[in-house]
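A.B. asks: With the hints as extra help, turn the sequences into a complete structure.
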Amino acid sequence: MFIEVLKSKIHRVSVTEANLDYIGSITIDSMLLDAANMIENERVDIYNITNGERFSTYIIKGEAGSGIIGINGAAAHKARVGDLLIIASYASMDFEEAKQWHPTVIFPKDNHLQ
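Just so we're aligned, residue 0 is where the sequence shown starts under numbering that gives the first Met the number 0, counting upward by one.
Some clues are possibly wrong.
Subject to a maximum C-alpha distance of 25 Å in a straight line, what follows is the list of computed SDA-like cross-link-like pairs (lysine to any residue) [said to hold, decoys possible]:
no., residue 1, residue 2
1, Lys108, Ile38
2, Lys108, Gly81
3, Lys108, Thr56
4, Lys60, Met0
5, Lys60, Ser24
6, Lys108, Phe54
7, Lys77, Ile105
8, Lys60, Gly72
9, Lys60, Lys77
10, Lys60, Ile85
Per label pair, the in silico range of CB-to-CB distance [unchecked claim]:
no., residue 1, residue 2, range
11, Gly64, Gln99, 31 to 37 Å
12, Glu41, Gln113, 20 to 26 Å
13, Glu96, Phe54, 26 to 32 Å
14, Lys108, Leu19, 26 to 32 Å
15, Gly72, Gln99, 34 to 40 Å
16, Glu62, Lys108, 24 to 30 Å
17, Ala63, Tyr21, 19 to 25 Å
18, Glu96, Asp20, 39 to 45 Å
19, Ala63, Arg42, 30 to 36 Å
20, Gly72, Phe1, 28 to 34 Å
21, His10, His76, 22 to 28 Å
22, Arg53, Val104, 14 to 20 Å
23, Glu41, His111, 19 to 25 Å
In case anyone wonders, no lab produced these hints; they're calculated from the structure. Every residue, glycine too, gets a C-beta built ideally from N, C-alpha and C.
C.D. replies: Take a look at the structure:
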């Protein structure tokens with residue numbers, strides 16, 4: 000049996016831009032991606048702490064060290080500049096393997112690694 004488990008989480012980052020005129024996705028500072036063990040085009044769930052919205056999208060790699068958290072396309076209706084987010088990705092694995100699994104969780108300060 001396979002189950003879905005938390006793979007990676009970026010906890011409490013602020014939206015720095017929201018761009019309706021874009022195909023879609025979330026742009027994330029590549030340094031945050033590396034630290035959280037996430038990659039470009041990976042599916043992520045977004046949990047908006049500020050307004051309670053939840054949505055799924057995929058990652059676009061942003062400039063390293065920029066602190067960018069950009070919400071693009073229709074999702075820009077669900078998050079505004081300054082909103083606090085949790086960004087999570089999941090992995091499917093064998094039930095027994097999952098018992099030993101430990102996700103990567105980072106807690107950036109002002110959208111940068113501490």
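A.B. asks: Now look at each hint and say whether the structure bears it out.
C.D. replies: The hints, checked one at a time:
1. Lys108 with Ile38: holds, 21 Å
2. Lys108 with Gly81: Holds, at about 14 Å.
3. Lys108 with Thr56: holds, 23 Å
4. Lys60 with Met0: violated, 33 Å
5. Lys60 with Ser24: Since the Cα atoms of Lys60 and Ser24 sit roughly 10 Å apart, the hinted pair holds (cutoff 25 Å).
6. Lys108 with Phe54: Given that 25 Å is the threshold and the Cα spacing comes to 23 Å, the pair holds.
7. Lys77 with Ile105: Given pair Lys77, Ile105 holds - Cα atoms ~23 Å apart, limit 25 Å.
8. Lys60 with Gly72: holds, 16 Å
9. Lys60 with Lys77: holds, 20 Å
10. Lys60 with Ile85: holds, 17 Å
11. Gly64 with Gln99: 31 to 37 Å: Once the Cβ atoms are compared, 34 Å apart, the range 31 to 37 Å for Gln99 and Gly64 holds.
12. Glu41 with Gln113: 20 to 26 Å: holds, 23 Å
13. Glu96 with Phe54: 26 to 32 Å: holds, 29 Å
14. Lys108 with Leu19: 26 to 32 Å: holds, 29 Å
15. Gly72 with Gln99: 34 to 40 Å: Hint holds: Cβ distance 37 Å, inside 34 to 40 Å.
16. Glu62 with Lys108: 24 to 30 Å: Given about 18 Å between the Cβ atoms, the range is violated.
17. Ala63 with Tyr21: 19 to 25 Å: holds, 21 Å
18. Glu96 with Asp20: 39 to 45 Å: The hint (39 to 45 Å, Cβ to Cβ) holds, given that Glu96 and Asp20 are roughly 42 Å apart.
19. Ala63 with Arg42: 30 to 36 Å: violated, 22 Å
20. Gly72 with Phe1: 28 to 34 Å: Since Gly72 and Phe1 have Cβ atoms about 31 Å apart, the given range 28 to 34 Å holds.
21. His10 with His76: 22 to 28 Å: holds, 23 Å
22. Arg53 with Val104: 14 to 20 Å: Given a distance of about 18 Å, which is inside 14 to 20 Å, the answer is holds.
23. Glu41 with His111: 19 to 25 Å: holds, 21 Å
In summary, the numbered hints that this structure violates are 4, 16 and 19.
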